[in-house]
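Enquirer: Here is how the chains run, residue by residue.
4 protein chains.
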Amino acid sequence: MIKVGIIGSTGYAGAELVRLLTNHKDAEIVWYGSRSYIEKPYAEVYGNMFKLVDAKCMDDNMDELAEQADVIFTATPQGLCASLVNDEILSKVKIVDLSADFRLKDVSVYEKWYGIEHKSPQYLDEAVYGLCELYRDEIKGARLIANPGCYTTCSILTAYPLVKEGLIDPQTLIVDAKSGTSGAGRGAKVNNLYCEVNENIKAYGVATHRHTPEIEDQLGKACGKDIVISFTPHLVPMNRGILATEYASLVPHADGSLPTKEELAAAYEKYYKNEKFIRLLPYATPTETKWVEGSNYVDISFKIDERTKRVVMMGAIDNLVKGAAGQAVQNMNLIFGLPEDEGLDLVPSFP
Amino acid sequence: MIKVGIIGSTGYAGAELVRLLTNHKDAEIVWYGSRSYIEKPYAEVYGNMFKLVDAKCMDDNMDELAEQADVIFTATPQGLCASLVNDEILSKVKIVDLSADFRLKDVSVYEKWYGIEHKSPQYLDEAVYGLCELYRDEIKGARLIANPGCYTTCSILTAYPLVKEGLIDPQTLIVDAKSGTSGAGRGAKVNNLYCEVNENIKAYGVATHRHTPEIEDQLGKACGKDIVISFTPHLVPMNRGILATEYASLVPHADGSLPTKEELAAAYEKYYKNEKFIRLLPYATPTETKWVEGSNYVDISFKIDERTKRVVMMGAIDNLVKGAAGQAVQNMNLIFGLPEDEGLDLVPSFP
Amino acid sequence: MIKVGIIGSTGYAGAELVRLLTNHKDAEIVWYGSRSYIEKPYAEVYGNMFKLVDAKCMDDNMDELAEQADVIFTATPQGLCASLVNDEILSKVKIVDLSADFRLKDVSVYEKWYGIEHKSPQYLDEAVYGLCELYRDEIKGARLIANPGCYTTCSILTAYPLVKEGLIDPQTLIVDAKSGTSGAGRGAKVNNLYCEVNENIKAYGVATHRHTPEIEDQLGKACGKDIVISFTPHLVPMNRGILATEYASLVPHADGSLPTKEELAAAYEKYYKNEKFIRLLPYATPTETKWVEGSNYVDISFKIDERTKRVVMMGAIDNLVKGAAGQAVQNMNLIFGLPEDEGLDLVPSFP
Amino acid sequence: MIKVGIIGSTGYAGAELVRLLTNHKDAEIVWYGSRSYIEKPYAEVYGNMFKLVDAKCMDDNMDELAEQADVIFTATPQGLCASLVNDEILSKVKIVDLSADFRLKDVSVYEKWYGIEHKSPQYLDEAVYGLCELYRDEIKGARLIANPGCYTTCSILTAYPLVKEGLIDPQTLIVDAKSGTSGAGRGAKVNNLYCEVNENIKAYGVATHRHTPEIEDQLGKACGKDIVISFTPHLVPMNRGILATEYASLVPHADGSLPTKEELAAAYEKYYKNEKFIRLLPYATPTETKWVEGSNYVDISFKIDERTKRVVMMGAIDNLVKGAAGQAVQNMNLIFGLPEDEGLDLVPSFP
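Protein chains in written order, with numbering that gives the first Met the number 0: chain P, 0 to 350; chain D, 0 to 350; chain B, 0 to 350; chain Y, 0 to 350.
Treat the hints with caution; some may be incorrect.
Since the list can't tell identical chains apart, any single copy or any two copies may satisfy a pair.
[Stated by the list, open to error] Here are the simulated lysine-lysine pairs, DSSO-like style, with alpha carbons at most 27 Å apart:
hint, residue 1, residue 2
1, Lys24, Lys275
2, Lys2, Lys111
3, Lys220, Lys55
4, Lys55, Lys188
5, Lys104, Lys260
6, Lys24, Lys260
7, Lys272, Lys39
8, Lys224, Lys2
9, Lys275, Lys2
10, Lys188, Lys93
11, Lys224, Lys269
12, Lys91, Lys24
13, Lys139, Lys111
14, Lys188, Lys50
No wet-lab data here; the hints were simulated from the structure.
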C-alpha cells in the first residue's frame, strides 16, 4: 500500500486527489496537509467526505512527511515545492508537484513569466514533465514529477500529433481556451464570487498567461524548433472543464494540395491509438466538456476548413482530473509500477 | 455475472443506470432499450459513454428481454411497466420498476393521482417497495420491486425515525422540497429549456404532486394511521440533487416538556446507525445537495426550534442516484445476494 | 433635482441604487460612498457603469454628506447607520437606511437577534418601516426610513391580507424562502465562491435568521397579537430573486367550512387592488422569480389544499429591487412627493 | 405614435422587442404575432409581461399588418420574410427583418449557406444592412432593413476600424465567439434543455456557421477586397451575451515596426468616438458580457501581443439587445427620425 501525503489538500485540486485516492486500491492517504485548516477535521472542510475521511488537517511539514509517505503531492501555489525540496527529501520520497515549479527547463523563462525567483533550479534537469502520454518511460524511473498545467495538458495533447508530423505550421497556432471556475482555486476573492462569474464570460491573462511558455516548450520540442503561439484563456460559468479550440494553418504538400482529413486522422491514431485516456471523436464532432466531467479522459476532434486552409482542433478535459489530480495519480501509478489506470476508471457523469 | 436489460436507457435515470453498471463488478448490460433511438449507437446519444459502451439502442421488447436478462430495469413513464408485466415474464426475470406503477398498494389511489388505469393491479400485493433501508428483508426474496420516487426517498427517510418513534405529529408535517432539473426528464419541452430554468426558481404541482400519496403511505405505515401532509416541490437551476426541508410539531412529553435534541438524535441513530448510505450530520448542520452529488448517500440533519416547538428536518440526495439508479442497483444487489454496496462506492464529487 | 448620497455604493444593493437612480428623472447621485474603494473610479469597480458614471468613490462622511445631499441611502451592514445618525444630521437630510437598524421597534429584540448594541435607540419611535404598500402615509412625512429586509418584504406582503383578515392562523405560519446569491453580499468569502454555490442548494440560519422577528413584528401587528413563525432561508444558485413558499392553516368559518378561494382572492384584492407594484397572479399559478427579475414587482399567488386544510401562498420579488434598492427609491419618491413609481417603470427581463 | 407589428413575438428576440417597446415613448405595439400561440394572452406565454401587456397573440398576416402598422419587425426563421414581402406591402409599411433574408447581397451566397431558395431576391439591392454605426445614413431613408445577426454585430464592430485602416491583415482574422443560450431560440429541442447546456461548453457549426459570410461581406467591404475568415461559435451556459475574441496579424509599417497601441486606439476613436452605444474600454481590459447585459452597448477592447505580432481584439454585446431587438429599435428610430437612442437608455444590470 503506497502511503500518500498531500500538501494543499484543501484546495480544489487537493480535494480531487482525496476523492480519487479514496477509491484507489493500492494507495492510502496518511497526511492531509492544509496550512489554512490545521487540526480541523477534513470532512468539515469538505462535507462530501463526511464518513469517508476521518483525518484532521495537518501542517505542511515536508521533512516529517518524507518519513511517513512514499509519495508527496504538492497541490500548492508556485514557489512552495521548489522552496522545500532537497536531496534528503528526494532520497526518501517521490514528489509529484502539481505547481509550475519544475515544468519549464529554462529557469529564466520561469522567473520571467512567474515573477519569482526559483529556489531549487538544480532539480530542473532531473524533473520529468508528467504528461504521461508523452513521457511515460521517463516518468517510470523518476523521483520528481512536474505535473502539467490544466490548460497545457489539454492544449498540448490536442495539437501534438499534427505538430509532430509537420501537418500544421506551429507558428500559426492560436489556442483559444475556456475553463470552468474551479481552475481559479478556492481563494476568497471578489472576482470568483458566484455573482461575478455567473451569467458572464470573459478572457483574462490575454497574451500573458503563464501556461503559454509551457505549451510552447512542449510543442516546440515536438517540431524541433522554438515557437511562439497565441494563448487566451477564458473564464466560463461552470464548475469544471476545459475546452481548447485551436487554429493552425495546414502545411500544403509539395504539390500544393492540403493534407486530407484521413491524413490528419492517421496522425492522431499514430500517437493515441493505444492511449486509454485519449478518445478520438469521429471527424468534426465538437468535443464537449460535459462528456469528460469527473473522468481522466481527453476528448479530441478536428475539422478542416477548406476555405481558410486551416484546421480547427478541439480538445476537452476535466481540469481537476486529467488537468490536475487524475494525471497526478496516473503519474504515481507509473512511478510505482502499478497499472496506469488504477483508480482512474472514472465514468464521466451526465448530466 | 448478472445480465441486465434496461428499458428506457436514454432517459436521465436510464443513463445513470448505465453509468453505475459500467463499473459494477458482477453485472453487465445486455440490452440498452430506447424506443426513441433504436439502432443508434448508445454513445452517440450519450457522448460521455464513448469508448465505454459499444452497443446500439434496441426496442423495448420485454418478452425477448426476459429471455436474455436476469433483471430488467424499467426507467420509463408510469403505465408502461404495468402494461407489459405478466406471469411468464415474472417467472423468468426480476423486475426493478423505476416508475410509479407498483409503489402504491391501493389501486384507486394510484388511478386518482396518476389519472390512468392500472393495467396489472394483481401484482400490487407482491411488489415490494424498494426503499432498501426500510424493506431490506422483503426485497431479498422479491421478483418485482417498486423503486421509490426521488422526492419520496428523500422525504421519507428524512422524517421516518421521528414519525416512527412518535416524536413528531405527522399530521403537521410539511415537506418543502427542491429538485435539480434532471428530475424533469430529457423530454424536449419549452419549460425545461436552459433559458427557462436558469436564473429562476418556482414551485410546481402545488398540493397535487404525485409523490404526495407515496410519502403519506409510507409514513402512515410508520405511525400506524392514515395521514395527510403538505408536499411542495420546486424546480432549482442545477442539474442534480434534491433537498427536502421538513417541518413538524414536536410531540411534548407527558410533563409538557419538548423532546430534546439528544432524544431526536437517538431516534435517528436507532434506525440508521448501521446504514452505510445514510449519513447523520452533526446537529443543526444544514444538508447540501452538493455534498452527495454523484453518490448514493442520503444526508440528514435536524434542528429544534424552541420558539415554535417545531423541528426542522433536512435531507439531501442525488435524485439520479439514491433517488433512482443508485437505489435500483442497491435493490438489484439485495435481490441477487450481492454485497448491498457493490458498484455503489461512489465518492461525492466536489465541486 | 434631489441630491442623493449613497453610503455603501459598491455593495450589490448600493450598485442597484446606482443603476436605478441613473435613469431617475428627478434625482442625481452626488456622493458614491465606499470605504473599500476610496478614490477609485466607480466604473472600475462596476464595469457596467462605464461611460455612465464618471465619479470616484468617496469616504463615508455623513456630516459632509448631510450638507451636500437631500437624502442619504445607507446600504451598509447593521450598526453603521445607528452609530452615525444624530439630530443635526436628521435636521438637514432624509435618511433611508437599508440596514436593519431601525426596523424593529423593540431595542431588546434587535440586540438579541443581531448581537450588537443599538447606538441610537432614541430614533426607533420616529423611524418609519418603509414597506410602502403598508405604511405609505407615514412614509410621506418621515425623515428616517427603515427600509425592510429582502426576505421580509416578500414574506410579509405574501401573507399580509390573509393574516389581516383572519383567514389563516398566523401561529401555524411556516415561511420557506429561497434566495439568489446576491443576497449574500459582495464580501470575499469562501462560502460565496462560484464553485461553492453553483450546482448546490442548502438551508442556512435555520430557526435563527434575523429576518424572523421582522416578519413576526409586522404580521403580529396585522393580526393584533404576538406571533411566532418558522422561517427558513435557502441559498439558490442564481444571481437574483426571492421566492417565498408559505404554509398556514385556514381558519374555518363558524359552520366548519373552509374559506373559499374566492374569499381569499377577495382579501388580496382588498389590500392590493390598486397597488402598481403588486401583481396578483391567477389562482394557483406558481410565482417565478424570473418573471420579476430587474423590476420592482411583487408577484403573489396562492392555492388551497383541501386535504390538509392549509393554504400555500407564494411570493416572488427581485431581492435587489423590491427587496432593497427599488423599495428605497419608492420610499424616496414618497418622501419627496414625487410619483411613487418615478424611476421604477422597470420591465422584467426574460430570459 | 408609431404603430408596431411584430411577427414572431414569442421567440426570445421577439419578446425582447416587446420588453424594449413597452418603455418606448413614441411607439406602441399593435400586433403581437405568434403562429404558435394564436389567441393566447401574451402574458400567459411570458409571465414577466403580466399586467404590462393585455393583448392576445395573433396570426402572422402580413397584408393585414401592413394596414395597421407603420413598421413590422419580423423575428422569424430565415425564409419567412422573403416569402411574404412584396411591392404593395413595402409601399405601406417599413420592414425591419431580424432574419438573415436580406443581409447578404449575393443571392447565391445566401442560398449556399442557408440551403434554401431566396423568394424575393429583387429586394436585395434595396435592403439596407442595419448595422447602425456603419450604415446610419442609408438606414434613414430605407423601407427594408436587414437587421444584422448577433454574432456578426459583435464580430464586425470589434474588428472594423483596424480592418478599415489597414492595421491588421484581414486574411489572418480568426473570430472565436461565445454565446449565451438564448441565441439558440425557444424551440423545444433536447440540445437546448437545461441539463444539456448547463455545466458544459462546446463549439458548434465549426467552419460552417451561417454568420461567417456576413462577417466576410462587411469586413471585405471595409478593406476593399474579398476575404475569408475563421469563425467558430461556442455555446456557453448563460442566458445572454456574446463575447468575440478575435485574432489577427498586425500589418508592419514600411520600416518593419509594428503599429503601436496608440495607433490602434486612434483607429477605434476615429470611427467610434461619438458612438453612444460603443464603449471603448481602457487598453487591454477584457470585455465581459455581464457588463453589457440588458443594454444596447458594444464593449470593445484590444491587446497587442508583441511576441506573436498579433492583436487580440475583444468585443461583448447582449445578443438579444444590440444583437437583435435593441438594434432593431435603433433602426426604427433612425427610419422614423427619432432620437437614435429613444427607448434604448438601458443601464446594464449587475449582477
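Enquirer: Any hints from earlier that this structure breaks? Give me their numbers in increasing order, please.
Expert: Of the numbered hints, 2, 3, 5, 6, 8, 10, 13 do not hold.
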